[in-house]
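The numbering used here puts the first residue of the sequence shown at 1, with every later residue one more than the last.
Since the hints were made in silico from the structure, they are not lab data. Be a bit skeptical, because a hint or two may be false.
[Claimed, not checked] Simulated pairs of lysine to aspartate or glutamate, DMTMM-like, Cα-Cα distance not exceeding 20 Å:
1. Lys104 / Asp183
2. Lys104 / Asp70
3. Lys32 / Glu197
4. Lys104 / Glu197
5. Lys104 / Glu210
6. Lys266 / Glu123
7. Lys32 / Asp294
[Claimed, not checked] Computed beta-carbon distance windows for the label pairs:
8. Ala304 / Asp262: 54 to 60 Å
9. Gly298 / Ser141: 53 to 59 Å
10. Asn241 / Thr201: 21 to 27 Å
11. Glu233 / Ala92: 23 to 29 Å
For each residue, glycine too, the CB sits at the ideal point set by N, CA and C.
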Amino acid sequence: MSTSIPWMDSPWRNPAIVFEDLPESLILEDLKRSWHFQREAHFRWMQKVIWTTNDCYRVVLRDVEGMVGDIAKDMCNKPTAFYWLQSAQTGAPNAAEKSNIAGKVFAAIYEEWHQSSIGPNIEFGHFFAAPVRITATGPSSLPQILRAHSSLFAQAQHISSNTDNYSVHPLLPAVILVCDRRDYRVGRRDGCFSLREVASTQTVLVVLTETSQISTDVHVTLDHLERFALPIERADCTGLNVLRVPLDIAVNFVVELEGRIDEQRKPGIQNLDTRLCCHATPVGCKREITNDPDTWAGTMRAEAM
């Protein structure tokens, strides 16, 4: 019986199989699965570092102008940006400002993105969104955030024009997400929590910019989100096209839009991000063997003989 979860079909999970009698093809197939699994695990770890640890790994807005330098490259290969207002961040009680992004929210975003994407692209930093932390001196209103986003978009465009494998997604200038409060619920006595519950109870603002007419035939509108809309409860939304929706709805909205836009774009050659190839290698072998699943699987199999 085949399942939709790749590792569930692994021959190693069947206790009735005698390992010595496994066909060579099954062993190599399992090693190739391991190659893909390890790359994705490293990608998830890298995203967790960017989203939840130090500011040196992510875009930080310290003023309304939004000039951030080379880190604007992190806006590339992502369909939108996820802005964290101070009111949604956490920090030590006596800290000058809040500076922490909730790890539970990132985990919920990652799982929702992974579930809603068909064959998620993990090459060269591609992800659901670029996190942008806003400091106490940064923009605090939605119009100010939109102004800063326009600046970040221009900086990312400039950087991508001289960089291989990095480009600005057509959706980036059109839609942003803003997290302005912490309202997810994970109350369980055993200390565990449900990522689905976090995704369904945490809310975000989905904001269309003045650049909603993008360079594709896909029309960007919030009409499909209106049935999920919740009270905005902000005084700075006059004249803006904005809705408050649950986090899981927002993630699926962006993923669906990205998919429709990418269908119309000319498919290019998908290069491999070798930074994700951190697999173990036998002594005496070059690191380059990790850049190809067939070569790596064959080498690891030969080493075990």
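- Task: Below or equal to 20 Å on CA atoms is what counts here, so check Lys104 against Asp70.
- Result: violated, 28 Å
- Item | Assessment of proposed distance window 54 to 60 Å (beta carbons of Ala304, Asp262) | Hint violated: Cβ distance 40 Å, outside 54 to 60 Å.
- Message: Taking the Cβ atom of Gly298 and the Cβ atom of Ser141, is their distance within the range 53 to 59 Å?
- Response: Roughly 57 Å apart at Cβ, these two residues keep to the hinted range, so it holds.
- Task: For the pair we were handed, Lys104 and Asp183, check the Cα-Cα distance against 20 Å.
- Result: Since the Cα atoms of Lys104 and Asp183 sit roughly 12 Å apart, the hinted pair holds (cutoff 20 Å).
- Message: Looking only at beta-carbon atoms, does the pair Asn241, Thr201 fall within the given range of 21 to 27 Å?
- Response: holds, 24 Å
- Does Lys104 pair with Glu197 here, judged by a C-alpha cut-off of 20 Å? It holds: about 10 Å lies between the C-alpha atoms, which stays within 20 Å.
- Message: Can you confirm whether the C-alpha distance between Lys32 and Glu197 stays at or below 20 Å?
- Response: violated, 34 Å
- Message: Can you confirm whether the C-alpha distance between Lys32 and Asp294 stays at or below 20 Å?
- Response: The given pair, whose Cα atoms are some 7 Å apart, holds under the 20 Å limit.
- Task: With a cut-off of 20 Å on the C-alpha distance, tell me whether Lys104 and Glu210 pass.
- Result: Violated, at roughly 32 Å.
- Task: Note whether the CB distance of Glu233 and Ala92 lies within 23 to 29 Å or breaks it.
- Result: holds, 27 Å
- Within a Cα-Cα threshold of 20 Å, do Lys266 and Glu123 meet the stated pairing? holds, 17 Å
The structure is inconsistent with the numbered hints 2, 3, 5, 8, although it conforms to all the rest.
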